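Undergrad: Each chain, letter by letter, is given below.
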Amino acid sequence: MMAPNAGAMVGIVIVSHSPKVAEGAADMVRQMVGDSVKLAYAGGDPDGNLGTDVAKIMAAIDQAWSEAGVAVLVDLGGAETNSEMAIEMLDEDRRDRVVICNAPIVEGAVIAAAEASGGSPLDVVRRVTEELSPQ
Amino acid sequence: MSGSTASEAATLRRLIDAVAQAVIAHAEELTALDQAIGDGDHGLNMKRGFEAVQADAAALAEKPLAEALRAIGMLLVMKVGGASGPLYGTLFMALGKAIGGGADAAGLDAGVLAGAFAQAIEAVKARGKSQEGQKTMLDVLVPVQQALQAGGADLLARLPSVADRAAYATVAMRAIRGRASFLGERSVGHMDPGAHSAALMVAAACGALEG
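Protein sequences appear in the order of chains A and B.
According to my numbering, the first sequence is numbered sequentially starting from 1.
According to my numbering, the second sequence is numbered sequentially starting from 1.
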């Protein structure tokens with residue numbers, strides 16, 4: 001489902017405590033932005049209940065991996081902490097190319113994907129996405 | 001890495017079992033505290049993590065202390081979920097890193113442990129972007145480290161009450177970090193679940209080393 005130049009586009013990862021929120025936010029990105037951007041999501045704890053899971057987050061980053069980097073959108077508290085942990089556990093050459101965007105998860109994912117689909121580099125994707133948060 | 005001796009392994013096994021069982025046995029209590037001011041998953045998450053530790057206890061106990069601590073930290077990161085997974089995972093991994101090779105659970109000097117514990121606390125602060133006084137596990141870990149640093153007689157007998165008092169002191173605090181921070185003033189009046197789990201672990205570890 002990748003466009004031919006998808007390797008150059010920033011990938012998007014959505015991390016929510018709820019598997020349904022994560023999947024639903026990803027559905028909205030697909031509908032609003034299309035299939036050109038690599039997109040993956042991680043929701044729920046290791047048992048599938050509400051929560052977050054470092055292993056799932058690492059797998060999602062791997063799935064959405066792009067040489068241009070990956071932008072991660074998170075919901076509450078532990079989603080951010082677990083995403084930071086997952087990023088630190090990545091291979092060294094990937095670690096610096098994954099960023100967490102401080103933005104509302106649904107709006108942020110859509111904006112980040114829209115920006116990424118236009119070929120913007122990771123720092124631009126992050127900056128534009130974070131403009132959604134109150135300064 | 002050289003293996004550890006049979007008595008070192010036995011001590012480490014006792015420590016692992018005691019800490020894991022304390023967390024597992026108090027899971028409902030931790031969940032109840034977390035339902036009051038958090039998202040109600042702390043007990044269940046910690047139970048899942050320490051059940052994984054318990055399942056690996058025999059193999060973990062055979063490792064040198066530093067390696068065992070790192071492996072326990074990694075298990076907690078991968079199994080616990082919630083915010084407490086990376087926080088406790090970081091605590092154990094950083095403790096292992098700071099203690100370094102050659103240390104064993106039975107012969108560990110209080111001063112060496114205090115130094116390593118201080119480094120591990122810094123790692124937890126960085127992971128949680130938190131400081132003491134913000135109604136978190138740090139409010140137990142920091143006073144325990146200070147008591148350890150100060151040393152003196154009967155440390156193993158005194159540390160559990162230091163930890164317990166510190167956990168109770170979080171009742172009056174207002175949460176600034178984590179889910180409880182959304183409650184603002186309403187977080188006051190409840191003990192922080194992370195502070196309670198930290199105190200449980202300190203008491204269990206001291207009991208195992210005394211026994």
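Be a bit skeptical, because a hint or two may be false.
EDC-like mimics (lysine to aspartate or glutamate), calculated; alpha carbons at most 16 angstroms apart, straight line [said to hold, decoys possible]:
(1) B:Lys125 to A:Asp47
(2) A:Lys20 to A:Asp96
(3) A:Lys20 to A:Asp62
(4) B:Lys129 to A:Glu80
(5) B:Lys97 to B:Glu132
(6) B:Lys63 to B:Asp17
Keep in mind the hints are simulated off the structure, nothing from the lab.
What you are looking at is a predicted structure, and each value in this text was computed from that prediction instead of being measured.
Undergrad: All hints, please: hold or fail.
TA: These are the hints, each one checked on the structure:
Among the hinted pairs, B:Lys125 with A:Asp47 is inconsistent with the structure: their alpha-carbon atoms are about 28 angstroms apart, more than 16 angstroms. Taking the CA atoms of A:Lys20 and A:Asp96, the gap is about 29 angstroms. The hint is violated against a cut of 16 angstroms. Proposed proximity of A:Lys20 and A:Asp62 is contradicted: the alpha carbons are some 20 angstroms apart, above 16 angstroms. Distance hint between B:Lys129 and A:Glu80 is fulfilled; the C-alpha atoms sit about 11 angstroms from each other, no more than 16 angstroms.
The straight-line distance between the Cα atoms of B:Lys97 and B:Glu132 is roughly 22 angstroms, outside the 16 angstroms bound, and the hint therefore fails. With a C-alpha separation of about 15 angstroms, the suggested pair B:Lys63 and B:Asp17 falls inside the 16 angstroms cut-off, and the hint holds.
Hints 1, 2, 3, 5 from the earlier list are contradicted by this structure; the remaining hints agree with it.
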